[in-house]
Amino acid sequence: MTVRAISALLDVRNLETFYGPVMALRGVSIEVPEGSIVTILGANGAGKTTLMKTVSGALAPHKGNIQFRGQRIDGLEPDVLVKRGIAHVPEGREVFPFLSVAENLMMGAYTRRDRTEISRDIDMVYDYFPILRERRQQNAGTLSGGQQQMLAIGRGLMSRPSLMLLDEPSLGLSPLLVQEIFAIVRRLNQEQGVTILLVEQNAHVALQTADYGYVLETGRIVMAGSAEKLLNSDDIREFYLGQSADQDSDARADKRWKRKKTWR
Amino acid sequence: MDILQLLVSGIANGCIYGLLALGFVLIYKASEAVNFAQGDMLMLGAFLGIAFINTGNADLPFLIGLTLSALVMGIFGYLLDRFVLRGIFGQPQFAMVILTIALGFLIRFAAGAIWGHDPVSLQTPFAGRTLELGSLIVPVVDAVIILATVALTTTLYFFFAHTRLGVAMQASSQNQMAAYYMGIPVKRVNSIVWALSGVVAAIAGVLFAAKGAVEPSVGLLFGIKAFAAAVIGGLGSLPGALAGGLLVGIVEPFAARYLPAGSSQIAPYVLMLLVLILRPGGLFAQISQKKV
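Those protein sequence lines, which keep their order, are chains A and B.
Here this note's numbering = 1-based position in the first sequence + 421.
Here this note's numbering = 1-based position in the second sequence + 29.
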């Protein structure tokens, strides 16, 4: 553990959450330092989305605790957590299809009352995503997938979060759009100071964007380290980036023995 | 002129169907299930109106009685959701259907125990009076019903389109989970929708009682007809509910006048069948496909 802040903005300790009858998280501990981008990598069903839902209050944990700015927040409802500064941008975008782009953004600011500030923030979102300004009167359901993802992120920004939970923003988008969205995510982190907890299956782009990463498998953290360290780790290269560990040597000869993950 | 005369009385009836159908749609959008006690809520609202307005009862002026009845039914709707229906939040739709059918029985029984089973009608300042527009004779009651419906639906339109709470109601009906993530208190919003549907039912009930007599079982048949109207409009669309109600209301007197006896009773359902066959989503269906 090379980079570790003294006090993290978000501190998750030994979290256990059931998703129906399934124990989806089996004692997960992560830390998200203020101002950083932290990514959680993992395959389908690893528990990434459950972790996000538990942090944002949509699911209550069975055991363990979550601290945000040093205060316990586990078990609180999302409306309380949104006010405290946690925004959840859900997997699959989940925009309101029959509301206009502008109304979707207004709903992101539901917990706020300051009208002039809200309209200033809507302008800020439009500056980051100019296409949304063009389409502001259009129903969100008629936008393309990439535009919906931009709207979902913009809507998340509207609550003025200090921590944004981004669940799988690359889902179903073309590689070019993925690059564009992640470039904006990085800008939001730098310019607006939003701390970001990012869940991704696309390990490559996630590790390029993040400062620090965790690998989640079947409800447990199996690996953690700086993004650079993870990018260069043999296990990550083999199982998450799809690169052979030693590309120069005769690939066929080495493949005769299927490599095992070191954490198993 | 005959046709015009039938049309006016059809529209007035249709307004009441439309308001009741609006109640069905409001609940359907909020809770994703049909409230089969909607007709009985109309009946309850009508009896409350009679209790507040008629001489020998509270003897209040018409508008004050109407407001009080709407207020009481609003609170009734809110509490019903808060303390009865929230208990089955997240259960299959079937649970709510059965629960509301049972609630309907309870409401009918309670109304019968309190007010008896004889038909009663509301005393209004405009009872029996008519307006003559050329050769067209419009009962003042019908004019009041039409104007009240226009006023109520316009208010509802502005509420849903332009207020923070109204847009939040739309948002939570379109994507409940996302609304929850946005910090919209979805459960409380649902209770407010129930309150709203109680208010609409009470207003429809008082208007209904001004036109004809009410007795405790009136909500049952009337509710089913209004449900047909909501299905015709496309269950899930507020303008559709109103349009469906108007259609049902207009079809009835024409069927009674020009078709064999008894056909006015089946006309609304024939209309519903036709719509379901030709346009299964209803006339004003909102169709969306999720992009992946």
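Some clues are possibly wrong.
Calculated cross-link-like contacts (lysine to aspartate or glutamate; reagent style EDC-like; alpha-carbon spacing at most 20 Å) [claimed, not checked]:
{"no.": "1", "chain 1": "B", "residue 1": "Lys58", "chain 2": "A", "residue 2": "Glu524"}
{"no.": "2", "chain 1": "A", "residue 1": "Lys650", "chain 2": "A", "residue 2": "Asp632"}
{"no.": "3", "chain 1": "B", "residue 1": "Lys216", "chain 2": "A", "residue 2": "Glu498"}
{"no.": "4", "chain 1": "B", "residue 1": "Lys216", "chain 2": "A", "residue 2": "Asp500"}
{"no.": "5", "chain 1": "B", "residue 1": "Lys216", "chain 2": "B", "residue 2": "Asp88"}
{"no.": "6", "chain 1": "B", "residue 1": "Lys240", "chain 2": "B", "residue 2": "Glu161"}
{"no.": "7", "chain 1": "A", "residue 1": "Lys484", "chain 2": "A", "residue 2": "Glu437"}
{"no.": "8", "chain 1": "A", "residue 1": "Lys504", "chain 2": "A", "residue 2": "Asp432"}
Calculated from the structure, these hints are not laboratory results.
Comparing the hints with the structure gives:
A hinted pair counts as satisfied when its Cα atoms are at most 20 Å apart, and Lys58(B) with Glu524(A) qualifies at roughly 18 Å. Distance check on the hinted pair: Lys650(A) and Asp632(A) sit about 10 Å apart at the alpha-carbon level, within 20 Å; holds. Restraint check: the Cα-Cα separation between Lys216(B) and Glu498(A) comes to about 12 Å, which is no more than 20 Å; the hinted pair holds. Only pairs whose Cα atoms come within 20 Å are accepted, and Lys216(B) paired with Asp500(A) is accepted, the gap being roughly 11 Å.
Annotation: proposed proximity of Lys216(B) to Asp88(B) is violated, straight-line Cα distance about 38 Å (limit 20 Å). Among the hinted pairs, Lys240(B) with Glu161(B) is consistent with the structure: their alpha-carbon atoms are about 18 Å apart, no more than 20 Å. With a C-alpha separation of about 5 Å, the suggested pair Lys484(A) and Glu437(A) falls inside the 20 Å cut-off, and the hint holds. A distance of roughly 18 Å separates the Cα atoms of Lys504(A) and Asp432(A); the hinted pair therefore holds under the 20 Å criterion.
Taken one by one, the earlier hints fail for this structure only at number 5.
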